[in-house]
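> Sequence:
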Amino acid sequence: MSMVATATSPPPSILSFIEIANSISQLHQAHAFMLKTGHFRNPFASSRLLTKATSLPISSPDTLSYALSIFTHTEEPNSYIYNTIIRAYSTSPFPQLALIIFLKLLNSVNKVFPDKYTFTFIVKACATMGNVKQGEQVHGLVTKIGLDEDIYVYNTLIHMYAKCGCFDVSRGMIDGLVEDDVIAWNALLSVYVERGLFEFARELFDEMPVRNVESLNFMVSGYVNVGLVDEARKVFDEMLVKDVVSWNVMITGYTKADKFDEVLGLFEDMLRAKVKPDNCTLVNVLSACAGVGSLSQGKWVHAFIERNGIEVHDFLATALVDVYCKCGCIEKALEVFNGTLRKDISTWNAMIAGLSNHGYLDDALNTFNELIADGIKPNEVTFVSVLSTCSQGGLLSEGRRMFDLMINEYRIQPTLVHYGCMVDLLGRFGLLEEAEELLSKLPVKEAPALWESLLSASRSHNDVKLAERIASKLLELDPHDSAGYVQLSNVLASMGRWGDVREVRRKMRSEGVTKEPGCSMIEVDGVVHEFLAGEGIIL
DNA sequence: GTAGGGTTAG
1 MSMVATATSP
11 PPSILSFIEI
21 ANSISQLHQA
31 HAFMLKTGHF
41 RNPFASSRLL
51 TKATSLPISS
61 PDTLSYALSI
71 FTHTEEPNSY
81 IYNTIIRAYS
91 TSPFPQLALI
101 IFLKLLNSVN
111 KVFPDKYTFT
121 FIVKACATMG
131 NVKQGEQVHG
141 LVTKIGLDED
151 IYVYNTLIHM
161 YAKCGCFDVS
171 RGMIDGLVED
181 DVIAWNALLS
191 VYVERGLFEF
201 ARELFDEMPV
211 RNVESLNFMV
221 SGYVNVGLVD
231 EARKVFDEML
241 VKDVVSWNVM
251 ITGYTKADKF
261 DEVLGLFEDM
271 LRAKVKPDNC
281 TLVNVLSACA
291 GVGSLSQGKW
301 VHAFIERNGI
311 EVHDFLATAL
321 VDVYCKCGCI
331 EKALEVFNGT
341 LRKDISTWNA
351 MIAGLSNHGY
361 LDDALNTFNE
371 LIADGIKPNE
381 VTFVSVLSTC
391 SQGGLLSEGR
401 RMFDLMINEY
411 RIQPTLVHYG
421 CMVDLLGRFG
431 LLEEAEELLS
441 KLPVKEAPAL
451 WESLLSASRS
461 HNDVKLAERI
471 ASKLLELDPH
481 DSAGYVQLSN
491 VLASMGRWGD
501 VREVRRKMRS
511 EGVTKEPGCS
521 MIEVDGVVHE
531 FLAGEGIIL
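In UniProt numbering, the protein residues as written are 1 to 539.
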């Protein structure tokens, strides 16, 4: 008989409430109720709560720390509860915590023992950390307990060694198997592919005594990862069985290679093959539509999403907002944006950038303020749009305030692009000294584009001396940089130094530097047109 | 009473 005061079993209603919960606030409600009624002390009830907290559709560091608080408030957690929290941390950005909790388990007063589940999770944590020393120690313990007989634990170890770069150990374990196991082979193959070690992947693949769809999917993505999309396509076409991942890998490959026509063609093939597209497919197809500026196909995909009752949030919402923005339908973009409940920072970023790029500067900044008011943390991409909005609108004090907010409030290290916006903004107001001071914090070598920006500002403010100084600096840095030549000759031209202009142009030719033409695309009446620009511009 | 290995995304 148990001496511990066990709580009564929880009523089924609270358990089913937890089962259907899909937000942290619903779990808080269940949690509060359980604390009040004492059901939280029932191990099964608290484990249901914890499991749900670790598998919410929306997970963040917040949900994870909530899960941790459930764990820490559980008196004498059983092995299931330990395993659940260890699993949650094993693939999180903080896998070390999984290890800390694992040590706590080993030293637990109520003598909890690690089991085969514990080891799959903790080995995975070592893999995530890339910490082979820890991995080896855990492996030792696995062997001692005799759990290396378990194929799940065994395969996770194979993957861990591969992840840590110990390919020979990983391979040795595969060879040590009495019976061939395709997942064991795939565990090593996947790491070769992930690291772009395509030769190793190919060699291993040829040697594999067992293969499945996933093995071939890895090979296709292996070709894609090293930029050989056509080779990937050959493997893909020869596959007898294709699952949704096969199609997605190939489609993603074309998207990465900017081969948007192929993306759209493959998408049609996929539908003809009666394979159901998932979010990953649709995100890529939409991004191809955005890439070619095809509003009609974007709309078609949107209709497909609605027809099939696919929920739009996060990734998919971002892709839709983006495609409508890129195709110039800012109203449709807003409609999607406002109709989406689950937005992540990228969704906000796409909307802010879209508004800003279409000249709705106030709306862009208002949307940014809304985001802040909603308690969402902006990232560096957000600030690119925000600062560029300020720069476009000549909003000097706002721009300075945002730049300060980014650095001091959100602790985001500005990148060259952020500095670029500030230089541009300061330059427009003729605050060349302030801009130069800002730039001087950066190594010149890293920021030629910023100096170019300051150079054009100095030209438009007739600070010819500064302009000439920067132009020479740019050429010194990179004698093949066309922009440097263009700018320098423009400076000289504005001073009427035509002889020097000719000299620069001669030097440019002798270095073999040409000005690259710009290129842009637009859809008119359902046909995508491509334009080349840049010729005939005075040098 | 609940669980585990290798996989594509802006």
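These are computed hints drawn from the structure, not numbers from a lab. Incorrect hints may appear among the rest.
Unchecked claim - Okay, the calculated beta carbon distance ranges per label pair:
| # | residue 1 | residue 2 | range |
| --- | --- | --- | --- |
| 1 | Asn338 | Asp206 | 51 to 61 Å |
| 2 | Gln26 | Lys144 | 39 to 49 Å |
| 3 | Glu380 | Asn338 | 43 to 53 Å |
| 4 | Asp362 | Glu434 | 33 to 43 Å |
| 5 | His28 | Asn338 | 47 to 57 Å |
As the list claims (entries may be wrong) - Within a straight-line C-alpha distance of at most 20 Å, the following computed DMTMM-like cross-link-like pairs (lysine to aspartate or glutamate) qualify:
| # | residue 1 | residue 2 |
| --- | --- | --- |
| 6 | Lys299 | Asp243 |
| 7 | Lys274 | Glu238 |
| 8 | Lys332 | Asp362 |
| 9 | Lys234 | Asp278 |
| 10 | Lys465 | Glu476 |
| 11 | Lys473 | Asp463 |
Just so you know, even glycine gets a beta-carbon here, dropped at the ideal spot from N, CA and C.
> In ascending order, which of the hints set out earlier in this document are inconsistent with the structure?
Going through the list in order, the structure violates hints 3, 4, 5, 6 and 9 and respects the others.
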